[in-house]
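Asker: Here is how the chains run, residue by residue.
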Amino acid sequence: MKQALTYTFFLISLFLPVTSILAEEEQPITKPVPLSEETQVCILCHRNYTPGIVEDWLNSRHAKITPDAALEKPELERRISNDSVPEPLRSVAVGCYECHTRNPSAHEDNFEHFGFNINVIVSPNDCKTCHPVEVNEYSVSKKAYALENLQKNPLYHSFVETIMGLKEVKGTEITHLPASESSKAEACYACHGTRITVDGMKTISTETGDILVPNLLNWPNHGVGRINPDGSRGSCTPCHPRHSFSIEVARKPYTCSQCHLEPDVPAFEVYRESKHGNIFFSSGHEWNWDPVPWIIGKDFKVPTCATCHNSLLVTPAGKTVVQRTHDFGARLWVRIFGFVYSHPQPKDGRTYLIKNKDGLALPTAFDGEPASEYLIDENEQVRRKTEMKKICKNCHNTDWADKYYTKFETTLNETDKMVLSSTKLMFKAWKEGWADISNPFDEMIEHKWMTQWFFYANSIRFASAMSGPDYATFKNGWWELTTNLYELQDLVQSKESKE
Amino acid sequence: MKQALTYTFFLISLFLPVTSILAEEEQPITKPVPLSEETQVCILCHRNYTPGIVEDWLNSRHAKITPDAALEKPELERRISNDSVPEPLRSVAVGCYECHTRNPSAHEDNFEHFGFNINVIVSPNDCKTCHPVEVNEYSVSKKAYALENLQKNPLYHSFVETIMGLKEVKGTEITHLPASESSKAEACYACHGTRITVDGMKTISTETGDILVPNLLNWPNHGVGRINPDGSRGSCTPCHPRHSFSIEVARKPYTCSQCHLEPDVPAFEVYRESKHGNIFFSSGHEWNWDPVPWIIGKDFKVPTCATCHNSLLVTPAGKTVVQRTHDFGARLWVRIFGFVYSHPQPKDGRTYLIKNKDGLALPTAFDGEPASEYLIDENEQVRRKTEMKKICKNCHNTDWADKYYTKFETTLNETDKMVLSSTKLMFKAWKEGWADISNPFDEMIEHKWMTQWFFYANSIRFASAMSGPDYATFKNGWWELTTNLYELQDLVQSKESKE
Amino acid sequence: MKQALTYTFFLISLFLPVTSILAEEEQPITKPVPLSEETQVCILCHRNYTPGIVEDWLNSRHAKITPDAALEKPELERRISNDSVPEPLRSVAVGCYECHTRNPSAHEDNFEHFGFNINVIVSPNDCKTCHPVEVNEYSVSKKAYALENLQKNPLYHSFVETIMGLKEVKGTEITHLPASESSKAEACYACHGTRITVDGMKTISTETGDILVPNLLNWPNHGVGRINPDGSRGSCTPCHPRHSFSIEVARKPYTCSQCHLEPDVPAFEVYRESKHGNIFFSSGHEWNWDPVPWIIGKDFKVPTCATCHNSLLVTPAGKTVVQRTHDFGARLWVRIFGFVYSHPQPKDGRTYLIKNKDGLALPTAFDGEPASEYLIDENEQVRRKTEMKKICKNCHNTDWADKYYTKFETTLNETDKMVLSSTKLMFKAWKEGWADISNPFDEMIEHKWMTQWFFYANSIRFASAMSGPDYATFKNGWWELTTNLYELQDLVQSKESKE
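Chains as they are written, first to last, in my numbering: chain A, 1 to 499; chain B, 1 to 499; chain C, 1 to 499.
If we strip away everything but chain A, and leave its shape as in the complex, we get:
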């Protein structure tokens, strides 16, 4: 590596000092920020080979401030949560070399690259060097276990395999084949994450000639529950996309909308048609998206997803309203995404550990009975509800907020009852042998039933939670819930009439 550095310094002196370019092009936040010698070398090549990400990084906060300078800020303004960032990172910009060489022994994807030992993937465990509070919060959340919760829950696993697997037809019969890793990676696992492993090294042809790189399997991916080659869980880039790692992007609903979309999780669509969304889309371009802390009414006029679910908020007078959290369920008391009913939030991010009374890894039984010992209790629900309501009350009076939450509870109750009605028809079909419960996801009639809770009941709950009327009404709302119930009934009755 020393050799490479010497060679590079020669190159630098020959061409141009990268740091001075920086100083010219970018208005530094504090003062010109030194880049490590190693990062200067990275940039020297990658400015030619992947200029897009270099430019992106040059505009990022990481390029414009050192950890030392970041730690000088008042506590409430800090974006860094480790008081003791190790040398030699403290006094240089957070550059290529600084991030891509953390914890090399843990990284199966570490390899020698033009004289440097580099990790291909920067994992949350690497980001933890400067951001330990955020990573620790995230690492116990449902997001961190998004992949394992799919794979280790036999029912969810079967669901994924049934939907994503190839189907072959002979005559009028369908044969189910297993789902490919490739297709799962761009569908379910695109959001939930893949397990990235290293299958030795391989040679690839690049513009600079053949180079030897680790052969990563199930890569590329930036799902929230990704399992990384260092064994860590999760990914920071779905919300803070590389290489700008922008807080502005993370705070905008377009980020959440990568995954939280209809028909199963219509959070973005409901937000869009809400009064909050109306105002965000109309005037959000005038707000301040970067400040930490984020000032209610000054920096932004209405909440985005981040406001209610994870940001540190203060009033214009400087009073802290809620703390920042990177466990995005921390302020949630109920889980409205029902599989198959709504229910109190699970106590643990690892939902595959849940057992309901029928032995299935589901938070409720098919008849609606909750697996209570795995779910947060009434006290914790009240605590979280109170926390969330604090945010509402910066613009809405207490009575307004109370009534809003009461309405929401009624909706949970009613949609659960509608799901129960559908499930009774399904039970009848299973009991009478008109459908086969051994795989509850592989028949037409079962899909009618699933659609009820997976799409329509969920939509109405999201519409209630965030005030999007169309998703409670005609767009996947009560209209569809009712129509589809009639259709499910028709299917069951047609089976009945053939008896």
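Think of the hints as simulated: they come from the structure by calculation, not from any bench.
Bear in mind the structure is a predicted one, so any value in this text is a computation, not a measurement.
We put the beta carbon where it would ideally sit given N, CA and C, even for glycine.
A portion of the hints provided could be inaccurate.
To be verified - So the derived list for chain B, only partly shown, Cβ under 10 Å to chain C, looks like this: (1) 71; (2) 242; (3) 398; (4) 410; (5) 486; (6) 487.
Could you slot chains B and C onto chain A? The hints should help.
Answerer: Positioned in the frame of chain A, the structure of chains B and C alone reads:
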């Protein structure tokens, strides 16, 4: 109240003069604007308890201009339509106290709040103090009657109750229960409005301790046909959201898109894929959204919803093209939202007064015959069409516009014929006893039929009116209209074959 | 015409010099740009009669630069591709008269208008005066033949007529009528284009009195495959909307989203939920949308549709990455919009020339066999893939890009297999007489089959190509592909059981 004021002046002198804060923070439109003593008191507390709305208001035009100053503007630039705003409102900003204390004797929700008698809800009748022309226009429109048109029309009422009501299942049979006020409030009535009544007083726990407030039923709500505790109809906030009351927001399509969405009223989606929408989304951030009057080509490049349906428009040379109207149907000659056919606009905003030849409160009979005496005549249709075309012709030549309108007429005709074809199948089913017309909305086959006119025929008409090709074609357009007709036929024929 | 000019000069001197207005209002790109005398006359009237388009043009580049000045720019910065623009166009702004009077003898729509001989429609052949390279590229693309590819392919023609035609019902039988030109013009042909012909002259009433104009049929329209009254194919305005002809608009995805929308071509929706879309929607308002060439990382942070499919891209160091092309398929190796399977791109824009082994004008047979002689070969596919990958590699490393493309190939393979499974069920139905293949688009069961490939398989492929997970999963993805296969099977089996 005097006592409270004295106490408050002490507080003000102790802490900070709100008016001077204002002067510092905001560039006033004319000069520093005095706040009434009462509004200063409101702000003093609410800056702590609901800072978001205080900040929102501080940025609003209401905080930056007095009615007196507003009335000094040239007539075409005025946003205020009452020459004789009463004292003491004339010479202070339009603040909390000014709006929340209008017409107290009419307000069932008026209550004593820290020494002030306050209305919880500011109704259109209160806004009328300064904006009488706008409120009067609105109050006779279909929007003002949006709730009553649902509730007083037996057929619409039955439609709402059938769709929104809980359904219980025993065996394979469905029992229909009535819909809850709660669910209707967040679905149909979220757009149409609720009837807000006051059920005595109640104590609520707030940050400042227990306080006594009116117990409002069916609140919160900001539907366009809301019936307020002062008996007035409607709400200004769906389009001019509190507490900025922004004209910019009202002029952007995101506002209309809170309610005018697919699958029933795909106005926003059609606009989005139209050439107008293409240009708005690409360059709208560069336009002038605030000026009154709104100058074609200077302030904006293509129309938004507001441009064609309600704004006061002038040419760059200063010629008035169309007047402002807050009766949003005033420039419309035909109603393309067919229940069940398209038809001339109703003469009266109270559509529940209509009787068709079969005695139903529908603008057309199920066979298509219009209830002509309740609908505007040919002359009035021509007058409105001419008015609307004036707007088109600021960018399109006469022949272009004429052809456009002719195409639209053809589409109305063809979609009505397609609805008739579907209705003939439904009539057959009702006549033969394969379905029961006593409630035309509660059977699977009826939902197939409803989908034809409620979603697909409507979509094609909206797509034609505003040039969104996908909604005329594959997305809820002719493709679905045809597919669904085949499915309806299949259902009817399968009943037939069982005879 | 001379007489008209004299009269107009009088008017000009009487009122105001348009050129000086221009100089005041607009910051010219170089220096005040002279307008031709004729264009000044146009503007003098049209400022009153169609002020919107005049303002639009005044803000356009066409109003601010002469061809001579445009040709002085360094080659890479040029937006004009003809070194020898003819006099007298060279030294005046590109105004009304300059564009609307090109090639008059070819224009059936040329007519005498207040002393000038004007073409109503400016065609690509007219734009070719200054932009020949772009027009030539476009004119051999699939876009230029978008209309003829629908009309001259008997199968596509039958598809359009079946879907768009009126259906009458007698008893429970459906009679199919031919589709009207009017409805096709606002559905299929709104994107594909109409054939605009001139049916003599007619008198229309305008604000200036009765005037005589050509009677254009199938107008207005701005579909990409429009056939113009001068015999040329295509239209530049769908992407560069008149009269700003903005490159900014063309580069934004809202432009492509006029036509490339779900359910058949969900390019825009997939982009919106991709990481690229996430970043574009969050920070695109800060980018530079106008520069030519377009600098990766400097002007924009992530690609839009234009970036990958047609723009001239350079690195910050000035190296050209890819050339501009207005044949939007030029960098595409595979056609993912399967009718009915994905397949290599056709060699020729005129896809109606293709014959598959069954004699149908389809790139694959119903059993999946490609009509290879009409499609590009392996070498050409590799060449194009390499070209496209060059763009990816400005931000992604070689291995990342390689793996991405491999995943995409797997998806094409799997979705084609799923389509084959559905088609086998359909073949069974046709063979057994449960459906009639003579028109494969006019029965309920056939629509189930079509939905598989036309919507769901396509969605998954688009989702794979541009990383939009929801469109591979629940939103028209594998969930729907599987559910619909079960429904198709159910239909076929119910026919079987009736035997």
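Asker: Min Cβ distance, residue 487 of chain B to chain C: is it shorter than 10 Å?
Answerer: holds, 6 Å
Asker: Holds or violated: the hint that residue 71 of chain B contacts chain C, with Cβ atoms closer than 10 Å.
Answerer: The hint is violated - residue 71 of chain B has no Cβ within 10 Å of chain C, the shortest such distance being about 30 Å.
Asker: With 10 Å as the cut and Cβ atoms as the points, is residue 242 of chain B at the interface with chain C?
Answerer: violated, 27 Å
Asker: Going by Cβ atoms only, is residue 486 of chain B closer than 10 Å to chain C?
Answerer: holds, 4 Å
Asker: Go through the hint on residue 398 of chain B and say holds or violated, using the shortest Cβ distance to chain C against 10 Å.
Answerer: holds, 5 Å
Asker: Hint residue 410 of chain B vs chain C: min CB-CB distance below 10 Å?
Answerer: holds, 4 Å
Checked against the numbered hints above, the structure violates hints 1 and 2; every other hint is satisfied.
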